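Colleague: One line per chain: the protein sequences are A and B, in this order.
Heads up: the first sequence begins at 52 in my numbering, then just goes up one per residue.
Heads up: the second sequence begins at 81 in my numbering, then just goes up one per residue.
Honestly, the hints are just simulated from the structure, not real lab data.
Any given hint could be a false lead.
Below, computed lysine-lysine pairings styled on DSS-like, alpha-carbon distance capped at 27 angstroms [to be verified]: (1) A:Lys136 to B:Lys196; (2) A:Lys109 to B:Lys174; (3) A:Lys109 to B:Lys88; (4) B:Lys88 to A:Lys228; (5) A:Lys243 to A:Lys282; (6) B:Lys196 to A:Lys137.
Since this is a predicted model, take the numbers as computed values, not measurements.
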Amino acid sequence: MNAFELHQPKDLASAATLAGGGGDLRFLAGGQSILASMKLGLASPDAMIDLSLIPDMKAITVAGGVVKIGAMAKHADVAANADVKKAIPALADLAGGIGDRQVRNMGTIGGSLANSDPAACYPAAALGLGAMIHTNKRNIAADSFFLGLYETALDAGEIITAVSFPVPEKAAYVKFKNSASRFALVGVFVSKGAQGVRVAVTGAASCAFRATALETALANSWTAAACNAVKMSADNLNGDLHASAEYRAHLIPVIAGRAAAAAK
Amino acid sequence: MSVNITMKVNGKSVTAAVEASTTLVEFIREHLRLTGTHVGCNTSQCGACTVHVNGRAVKSCNMLVAQAQGADVMTIEGLAAANGDMHPMQAAFKEHHGLQCGFCTPGMVMSACELKGKVTNPSDQEIRACLDGNICRCTGYQNIVTSVKAGLAAMS
Ligand SMILES: Cc1cc2nc3c(=O)[nH]c(=O)nc-3n(C[C@H](O)[C@H](O)[C@H](O)COP(=O)(O)OP(=O)(O)OC[C@H]3O[C@@H](n4cnc5c(N)ncnc54)[C@H](O)[C@@H]3O)c2cc1C
Ligand code: FES
Ligand code: FES
Numbered sequence: 052m053n054a055f056e057l058h059q060p061k062d063l064a065s066a067a068t069l070a071g072g073g074g075d076l077r078f079l080a081g082g083q084s085i086l087a088s089m090k091l092g093l094a095s096p097d098a099m100i101d102l103s104l105i106p107d108m109k110a111i112t113v114a115g116g117v118v119k120i121g122a123m124a125k126h127a128d129v130a131a132n133a134d135v136k137k138a139i140p141a142l143a144d145l146a147g148g149i150g151d152r153q154v155r156n157m158g159t160i161g162g163s164l165a166n167s168d169p170a171a172c173y174p175a176a177a178l179g180l181g182a183m184i185h186t187n188k189r190n191i192a193a194d195s196f197f198l199g200l201y202e203t204a205l206d207a208g209e210i211i212t213a214v215s216f217p218v219p220e221k222a223a224y225v226k227f228k229n230s231a232s233r234f235a236l237v238g239v240f241v242s243k244g245a246q247g248v249r250v251a252v253t254g255a256a257s258c259a260f261r262a263t264a265l266e267t268a269l270a271n272s273w274t275a276a277a278c279n280a281v282k283m284s285a286d287n288l289n290g291d292l293h294a295s296a297e298y299r300a301h302l303i304p305v306i307a308g309r310a311a312a313a314a315k
Numbered sequence: 081m082s083v084n085i086t087m088k089v090n091g092k093s094v095t096a097a098v099e100a101s102t103t104l105v106e107f108i109r110e111h112l113r114l115t116g117t118h119v120g121c122n123t124s125q126c127g128a129c130t131v132h133v134n135g136r137a138v139k140s141c142n143m144l145v146a147q148a149q150g151a152d153v154m155t156i157e158g159l160a161a162a163n164g165d166m167h168p169m170q171a172a173f174k175e176h177h178g179l180q181c182g183f184c185t186p187g188m189v190m191s192a193c194e195l196k197g198k199v200t201n202p203s204d205q206e207i208r209a210c211l212d213g214n215i216c217r218c219t220g221y222q223n224i225v226t227s228v229k230a231g232l233a234a235m236s
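For reference, chain B alone in the conformation it holds in the complex (with noise of 0.2 angstroms):
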């Protein structure tokens, strides 16, 4: 069976007709072409495909895309400025080494921005707690929640 979505995807309003078991991230991935999204686990354990549904962190292999119907959605596309600059968030973990292979930071980076007006001054530990939902096998964390605590800082 086939449903028609109209949803806002980084600000632009888009229209398609899928199958209504296609997930978010499918739909993101391979009818939008935006491919910064990942997709590590597909089994909503790695938090490597998580957007931003109206606001909210999700993990877009684990929820349809019929379940975004007219929402507004934010991929890491729509992080960055018109003219190329990056989110503060982005800016801070390329400052402070928040990633090795990058496989989880399009993940690592979205959750981060949720956490925006959520939590204030989180200690180090607040920040292992609220990103409990998305693995890292690389930098054994210790950069990213470095990076996060300076990307939150330069948001407020």
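In isolation and in its complexed conformation, chain A is listed as follows (with noise of 0.2 angstroms):
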């Protein structure tokens, strides 16, 4: 790892002045994803602000059909959240299934948003129960959120603060496990509520999108049947030594069927 600035801000606005410094500086949420950059050398920040002495910024609320979580909660203590079960239990599910024990004692889901890594869980969270994510300046809906690999409409130092879900009537998140990584291979969130009927795809394209031919079929019939019906095209798909385009664009309609069939 390179050697860098860490600045350890005591609140947002201290975070924020920092982060407008400018220069090659990066986020320390849980550290999950960037340690491991800057070990490769894909990232080499010259300062990094660390934001978990930042008050507030972890806190859980369900109130008003919205289940709001701050950027700093980590994964585990979403999918512990008695609220969050309760409300959205498939928000809490999709938390509780990311990496492993001790990735969700570390990993938040402010990073997890920020980086919008293809394979990520939370991004098909966000984009299908149609968040909005707050940040020190302003809110952003999940539609205009994730731009591409690693690409989101962040500016250069915004800061993600919390993000908030409405409530569906019903949801459910599956992921077809690479099982090497314990990333997505492909994962389908899909939701029925306020927004109408939203699903959201996950591990198959360089970053989280909806799948409109999908919502279109389960806003007919919320049925497994109905999703395996539509077929998805492999254009604009990964492929890699785990698997091919074509296999991800045949998955898509298995697992949101699965999905379907799941919601609760």
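Work from the hints to combine the two standalone chains into their complex.
Modeller: See the structure below:
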């Protein structure tokens, strides 16, 4: 790992000031993705800003039909939170299926969304539930947040503070695990609620995306059969040593169907 | 850049000035010379470096020591009683032959100890799922699962 300046601000305003300073800087949330990138030399920031000492960034609240999760809430805390389990069980399940116990004890929702890993789980929930991503500057709808491979709508130095998920009527996330990495080979989040039917796919393309053909199919008939009748194109899907683009294209409706059947 | 670290390791207060890029496992092994915590991959895949930070199992190769500032850290060396009596989980691994080469064992034992109070009467399948983050190249896991089951029963 390269040498860097480490800042540990105690409030959001100081973090924002430091982040506005320019240069190659990275935030340190759980460190579960960024430290690996730094060891590989894929990132070599001059400065890191640790967000863990900022108060109020870990809070999890459920009120008025919205589950609001602070950016620094760890996956294990979301998975174990009784209010989240009750309001959106699919979200607690998703958090409880990320990586392994040790990763869930450190990794955060803000870090996961900001990272926009093509195979990450939370982006599917954000898109699949029509979440709102709150930053220190503005609110960004999930639909316009994920732009590409490790690319988001965040400006340089912009800090995610929390994420609001509207409580749906029913939802589920099913992940077909890459058994080596534990990330999603294909993961599908389905939901039905005030924003209609939403289907979000992760693991299959450069970043998470909504599958509109599956949304239409499920809006007509909420069944696995309706999903299985949808043909996904393999164009623009990822092909690698774990699975070809055609295999992923075939898997998406199958996993969406399993999620529809499991939704509660 | 150097940072000043203060934390408790196995109940003892430690302070040191280290490079900001120092990982927790580097600090534990190279500064404190507690070499019971192993490094299998250094890429967060194998779990050999698992320790507890404020009671939670984490991979110490995948966090900076600065992230454990002020924390209570427990390594494998902190488990046994002062008179050398093994911790019930260590004793269960010995009794049930839960190790062969022993390289993964400190991480396995630390992960297993964290399950106390979090799972009750886990099935073999649940134990396997809970140890997802720990890889063993020798045993085939069968005896590890038996050991963890016995260890958790002895701890409760
Ligand atoms: C073995 C292993 C298995 C994993 N399996 C999965 C899996 O199955 N599914 C899955 O989804 N993920 C998985 N992950 C990734 C894990 O969920 C990470 O925790 C997550 O991707 C990053 O969160 P973090 O808090 O660790 O962020 P960090 O690594 O600290 O930061 C990641 C990036 O986000 C930026 N950032 C962090 N917080 C903020 C913020 N609040 N505002 C703006 N930018 C910010 C940082 O600058 C950095 O660029 C796995 C990781 C490991 C090591
Ligand atoms: S050495 Fe840390 S996970 Fe392998
Ligand atoms: S006993 Fe050898 S790696 Fe597990």
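Colleague: All hints, please: hold or fail.
Modeller: Each hint, compared with the structure:
1. A:Lys136 to B:Lys196: Distance ~22 angstroms between Lys136 (chain A) and Lys196 (chain B) Cα, so the pair holds.
2. A:Lys109 to B:Lys174: With a Cα-Cα distance of about 40 angstroms, the restraint between Lys109 (chain A) and Lys174 (chain B) is violated, given a limit of 27 angstroms.
3. A:Lys109 to B:Lys88: 24 angstroms, holds
4. B:Lys88 to A:Lys228: 37 angstroms, violated
5. A:Lys243 to A:Lys282: The given pair, whose Cα atoms are some 21 angstroms apart, holds under the 27 angstroms limit.
6. B:Lys196 to A:Lys137: Roughly 24 angstroms between the alpha carbons, so the hint for Lys196 (chain B) and Lys137 (chain A) holds.
Hint compliance for this structure: hints 2, 4 are not met, and every other hint is.
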